[in-house]
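Asker: Following the numbering used here, the residues of the sequence shown are numbered contiguously, the last one being 332.
There's no promise every hint is true.
As the list claims (entries may be wrong) - Each pair of labels, with its calculated beta carbon distance range:
#: 1; residue 1: E110; residue 2: E278; range: 40 to 48 angstroms
#: 2; residue 1: L174; residue 2: D226; range: 39 to 47 angstroms
#: 3; residue 1: T313; residue 2: G127; range: 22 to 30 angstroms
#: 4; residue 1: R293; residue 2: V105; range: 16 to 24 angstroms
#: 5; residue 1: K33; residue 2: R107; range: 17 to 25 angstroms
#: 6; residue 1: E278; residue 2: M7; range: 43 to 51 angstroms
What the hints assert, rightly or not - Below are the EDC-like pairs computed for lysine to aspartate or glutamate, each with C-alpha atoms no more than 16 angstroms apart in a straight line:
#: 7; residue 1: K167; residue 2: E69
#: 8; residue 1: K33; residue 2: D161
#: 9; residue 1: K33; residue 2: D228
#: 10; residue 1: K36; residue 2: D102
#: 11; residue 1: K36; residue 2: E101
#: 12; residue 1: K137; residue 2: D193
#: 13; residue 1: K311; residue 2: E321
#: 14; residue 1: K125; residue 2: E101
#: 15; residue 1: K33; residue 2: E230
#: 16; residue 1: K125; residue 2: D104
#: 17; residue 1: K137; residue 2: D161
#: 18; residue 1: K167; residue 2: D88
#: 19; residue 1: K311; residue 2: D324
#: 20; residue 1: K36; residue 2: D148
#: 21; residue 1: K167; residue 2: E60
By construction, these hints were calculated from the structure, which means they are not laboratory data.
In this text the structure is predicted, and so the values were computed from the model without any measurement.
Even glycine gets a Cβ: it sits at the ideal position worked out from N, Cα and C.
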Amino acid sequence: MIRSLFVIYSRENDPRHNLALEEYLLKTVKPGQCILYLWQNQRTVVIGRNQNAENECRIQTLEGDGGHLVRRLSGGGAVYHDLGNLNFTFLVTQEDYDVARQTEVILRAVQLVGLRAEKNGRNDLTVDGQKFSGHAYYRTGDQCYHHGTIMVDVDMAPLEKYLNVSPLKLQAKGVKSVRSRVANLRDYLPDLTISRLNQALVEAFGSVYGLPVTELRYEDLDQEAIAQGQARFSDPAWIYGDSRPLEVSREARFDWGILRLDYSQADGIITEAALWSDGLEADFLSRVPGLLRGCPLEAGPLRDKLTADPDSTGEAVDSILALLLG
Numbered sequence: 007m008i009r010s011l012f013v014i015y016s017r018e019n020d021p022r023h024n025l026a027l028e029e030y031l032l033k034t035v036k037p038g039q040c041i042l043y044l045w046q047n048q049r050t051v052v053i054g055r056n057q058n059a060e061n062e063c064r065i066q067t068l069e070g071d072g073g074h075l076v077r078r079l080s081g082g083g084a085v086y087h088d089l090g091n092l093n094f095t096f097l098v099t100q101e102d103y104d105v106a107r108q109t110e111v112i113l114r115a116v117q118l119v120g121l122r123a124e125k126n127g128r129n130d131l132t133v134d135g136q137k138f139s140g141h142a143y144y145r146t147g148d149q150c151y152h153h154g155t156i157m158v159d160v161d162m163a164p165l166e167k168y169l170n171v172s173p174l175k176l177q178a179k180g181v182k183s184v185r186s187r188v189a190n191l192r193d194y195l196p197d198l199t200i201s202r203l204n205q206a207l208v209e210a211f212g213s214v215y216g217l218p219v220t221e222l223r224y225e226d227l228d229q230e231a232i233a234q235g236q237a238r239f240s241d242p243a244w245i246y247g248d249s250r251p252l253e254v255s256r257e258a259r260f261d262w263g264i265l266r267l268d269y270s271q272a273d274g275i276i277t278e279a280a281l282w283s284d285g286l287e288a289d290f291l292s293r294v295p296g297l298l299r300g301c302p303l304e305a306g307p308l309r310d311k312l313t314a315d316p317d318s319t320g321e322a323v324d325s326i327l328a329l330l331l332g
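My request is simple: use the sequences and hints to build the entire structure.
Answerer: Next up, the structure:
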């Protein structure tokens, strides 16, 4: 049961630092605590754990403009951040993890500033049918987080300048571009500020959980651990990944997300594999290539190998098999 609430604000707009602080809070949150972390990035594309960097982002254009490409721990799709966007993260242990309750904090905060929002789809919040907030989730052991964006006054032009959005996703949404399905809260409430939204989020946080909210002091955190995390999130091997071409490449969109599987085989045995996806099951999907290597390209052995993973889901396994054997 949640017994104490904390809020912490990032002091930096560097996405590598902010992701490292998020990871540090994830590792240190204690049972009975819920931490709300509020943070902003300057000119950043954040890709999901298992996405292909080159497919999702026009990297040279972004970096040429002084922007940053980073990869987060959670699954989901690529998003653009600037200082018109406010990021939130709820950090709790497994027993207190409640996505509906956490989402209610965001919905109530938006209501407090004067707008009516609703949940729409697997991980989106909308006003008047337009998405202003996308969410993703991550768990390691008993530590969990739920994070997302809140678009207040984001410059929309870079969405199409920096992001490569899969035609499969646009077709599924029935739109021509990512820009056509998102909106800023200031489009509906012109005087809204990030500061006011921060206040509303903290007020809603305390209201939903029925507890006082205490601010965490940045000075009390382990600065060396955060710096080590920042180094990991800055590592090109983590950010860009390995996109060497393999013999076969297949891609499709399923109800749970887009999946691309690349593989090579010899004598009916998978010798190498790579997976790219915006699916939310980040850890399982990241382990799939290792599970496939050395496995016969046959339904039975493949299913046995994939379902043996404790984080596997039936729909993801079925989708992987459909791509490999279809």
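Asker: Can you give the numbers of the hints that this structure goes against, from lowest to highest?
Answerer: 8 and 14
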